[in-house]
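Letter by letter, the chains look like this.
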Amino acid sequence: MANRPESNFAGQLAKRLGEHSYLIDAATGDTVLPADLPRLISSFATSLLSAGLKQGDPILIGCSLSPPSAIAYLGAIYAGLVAIPIEESVLVSSLPELVKRTHACGVWTEKSCGSGATADLGIVLLDGHPRGQRTEGMPPAPCKENDLAVLVATSGSTGAPRFVMVSHGNLTANTEAIVRSQNLGTDERAMLILPVSYCFGASVLHTHLFQGGGVVFDRRFMFPDKVLRAIKEHECTTFAGVPTVYNILLRRSNLRRIPMPSLRRLLQAGGPLAPQRVTEMRAVVPAAKFYVMYGQTEATARISCLDPEHLDQKLGSVGRPLDNLTVRILDEEEGDLPAGQTGEIAVGGPSVTLGYLDEPEETSRTFKDGWLRTGDLGHLDADGYIWIDGRKGTFLKMRGVRLSFAEVEAKVTAVLGVYECAVTSVPDPEVGEALALYIVPDKDPLDLVERVRRSLPTHWTCESVNIVSEIPKTARGKISRAALAKKGTRADG
Amino acid sequence: MDNVLVRVQDVFHEAFGVDARLISLDTTPNDVPAWDSVGHLDLASRLEQAFGISLDVDDLMEMENVREIVRIVNSKL
Chain A
1 MANRPESNFA
11 GQLAKRLGEH
21 SYLIDAATGD
31 TVLPADLPRL
41 ISSFATSLLS
51 AGLKQGDPIL
61 IGCSLSPPSA
71 IAYLGAIYAG
81 LVAIPIEESV
91 LVSSLPELVK
101 RTHACGVWTE
111 KSCGSGATAD
121 LGIVLLDGHP
131 RGQRTEGMPP
141 APCKENDLAV
151 LVATSGSTGA
161 PRFVMVSHGN
171 LTANTEAIVR
181 SQNLGTDERA
191 MLILPVSYCF
201 GASVLHTHLF
211 QGGGVVFDRR
221 FMFPDKVLRA
231 IKEHECTTFA
241 GVPTVYNILL
251 RRSNLRRIPM
261 PSLRRLLQAG
271 GPLAPQRVTE
281 MRAVVPAAKF
291 YVMYGQTEAT
301 ARISCLDPEH
311 LDQKLGSVGR
321 PLDNLTVRIL
331 DEEEGDLPAG
341 QTGEIAVGGP
351 SVTLGYLDEP
361 EETSRTFKDG
371 WLRTGDLGHL
381 DADGYIWIDG
391 RKGTFLKMRG
401 VRLSFAEVEA
411 KVTAVLGVYE
421 CAVTSVPDPE
431 VGEALALYIV
441 PDKDPLDLVE
451 RVRRSLPTHW
461 TCESVNIVSE
471 IPKTARGKIS
481 RAALAKKGTR
491 ADG
Chain B
1 MDNVLVRVQD
11 VFHEAFGVDA
21 RLISLDTTPN
31 DVPAWDSVGH
41 LDLASRLEQA
51 FGISLDVDDL
61 MEMENVREIV
71 RIVNSKL
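So the protein sequences, as listed, match chains A and B.
Heads up: the first sequence begins at 1 in my numbering, then just goes up one per residue.
Heads up: the second sequence begins at 1 in my numbering, then just goes up one per residue.
It is possible that some hints are incorrect.
As the list claims (entries may be wrong) - A partial selection of chain A residues facing chain B, derived with a Cβ cut-off under 8 Å:
no.	residue
1	87
2	221
3	222
4	248
5	399
6	413
7	464
8	466
Please keep in mind that the hints were generated in silico from the structure rather than gathered at the bench.
Keep in mind that this is a model prediction, so the values were computed, not measured.
Think of the CB as a built atom: it goes at the ideal place given N, C-alpha and C, for glycine as much as any other residue.
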């Protein structure tokens, strides 16, 4: 396969920018005009190469929900570099580790991070706003579809971060499929409060620009009314949030009093949002269509989308796979399960990424034979809709932070009177995922539930403590979380 | 006011694990990494408990720095 400029994702995107492609900083009002944006991207790319960086070099990009960081991110991809978007505050506080981990040859931050801390890292340091020269910048760097475009850090509060390798072809395929699934027009404008370092945030940026639309950035979501007023003022058509965002809007904002007539769609992903919250959001903003989606960084961004036309009928589902993806449900021996049976969700198609940086073993486990093992447990219904039942992996995500099952199990097993413990996660409207504990007592379980609850740190939300006579195990003697997830489903249903 | 500030500093320490002495009237969310949208709600509920007050949505929108927080708390005592 030859190197072609049209395989460059940011090159394609820059070419498709249109008269609506404004980038606006809602907090300051700073605006990049559609006429300037393509040149800003291409001349930033030129400046990276002039600074001594070469095609294929990884570069850390400080992201801070602003037009300059979006331009720097796209410009790096356009130049054929490998962009590594990291929240700017995180990047500044852990630069040496990030450089070591990602082999970055350069770093760009919006604000200067001071030469003192970085002088001995031996990398190219760039900061400040990308500026367009009068002359046109370079054409997009020719590349292959499988060339690395972005390294995306997956969330995690402890241990080393993990980086997912995303290719130009991955980005193009996922962007095109998302555009189709959301029926995105050419005159859209997104309100973006999610960082571009998070795959969901990046996908909103990509899709809207790819269609010739624009993006408003707002980092003030801790004061949600400001964001709602900015949606109104800038006539945004799309808003994207994770469950916590919608919970905050419904309970801690003046959502009901601030009209947003321009909104056409609300996007929700990043974990389960309670169906009653979806219903409430639709009642408050009836003109906007509500899209429930499911995705993973390992699949570039989005995997499935619940068509708003079928929301009532399929409320609680995450919809059907995007039109260029195939989803399978696998049992613990990797066989395909029929509709209605819970197993691990596996995904195949052009947006399944290249794997984890420098982790060949984990890559071959997770991306076996081209099928991404998501670690999520779910089932398909007779119409092919995906229903998530739990999480198979070793972590759950509570308040946006990953918590390892092993850590919880170790803590609970240490409580006097607990013989064995297994934990699974259940969707929780407040914190994303909460704990459900299954305990085999070693003698009289009197007071055990209460003592176990008291032993948990206060920031761990525990939905239930269940006394059971045995923990379901796989043939290899490991806790079968698939069976536990089913227990949980039955208890709820 | 001073006494309220000291108690607000304690709440910041509990909510965000920061050294209470580093919290001044001029502290804003930019100065405290954990003070994000979720942290803001946690902070609000801890303030409600610590002072026995109730904060409404408009109060939350106005809590843009420690000075405003102290002012709002004082207005409710």
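Numbered hints the structure breaks, given as an ascending list
1, 6, 7 and 8
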